[in-house]
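Engineer: Model the full structure from these sequences, guided by the hints.
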Amino acid sequence: MATRHRSEATWTHEDALVKGNPRRDRAWVLIVLVALGAVVITLSWSRLMGIADVTYEYRICQEPLTKESSWEQVQAAACDIAPVGDARLTLWAEGDQQEPDVTAASSWTFEDVPVNTSATAVELDVTDPATSVVLAEPTNQQIRRALTGDAAGKIWSANVGARGPVTYWVLVTPAR
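The sequence shown runs 1 to 176 under the numbering used here.
In short, the hints are calculated from the structure, not lab data.
It is possible that part of the hints are untrue.
[To be verified] Pairwise CB distance ranges, derived in the manner of DEER restraints: (1) G153 to A78: 41 to 49 Å; (2) Q142 to Q97: 21 to 29 Å; (3) A162 to Q97: 27 to 35 Å; (4) P83 to L43: 33 to 41 Å; (5) I31 to P138: 45 to 53 Å.
Heads up, the beta-carbon is just placed ideally off N, CA and C, and yes, glycines get one too.
Structural biologist: This is the structure:
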């Protein structure tokens, strides 16, 4: 009489043959399931968070703007595209500080930013003091946020908010 393997059920026939190696046969299934789970979680997270490249265009305005300013007031403020120069924009995404991936003549672009989270903020460091700085959404034609400045008017910051567009205008009104 053959002895039973310890993993073999006691109700099987004692002459029954166990085919294959259970350890070898089950390992690949576990690896495939873990890999599939990782892929599904990654794709779900990136879709949920709305990972995208976000561009902030630098503009200088002739009149100060506030959070309550209408789009007509933005147009009346004569906000023209300006060269970035020595101005620096930093993005804070979920507690991590990010420098722009691309700095063009008049804009900053941050790659792979989670757009659908409320944990995104910006910090603008300008060389000349400013009276006001606001973030505007040109696609929705509205002011999104007014940035808060330091006492010198050179460092401005604000939370961007959740579910925003991928293009913003940074509207700066220099101090006179």
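Engineer: At the C-beta level, are A162 and Q97 separated by a distance inside 27 to 35 Å?
Structural biologist: For Q97 against A162, whose Cβ atoms are near 19 Å apart, the range 27 to 35 Å is violated.
Engineer: Mind checking the hinted window 45 to 53 Å against the Cβ distance between I31 and P138?
Structural biologist: 48 Å, holds
Engineer: Look at the Cβ atoms of P83 and L43 and judge whether their distance stays inside 33 to 41 Å.
Structural biologist: For L43 against P83, whose Cβ atoms are near 39 Å apart, the range 33 to 41 Å holds.
Engineer: Given the hint of 21 to 29 Å, check if Q142 and Q97 actually sit that far apart at their C-beta atoms.
Structural biologist: 27 Å, holds
Engineer: Within 41 to 49 Å or not, the Cβ separation of G153 and A78?
Structural biologist: 20 Å, violated
The structure is inconsistent with the numbered hints 1, 3, although it conforms to all the rest.
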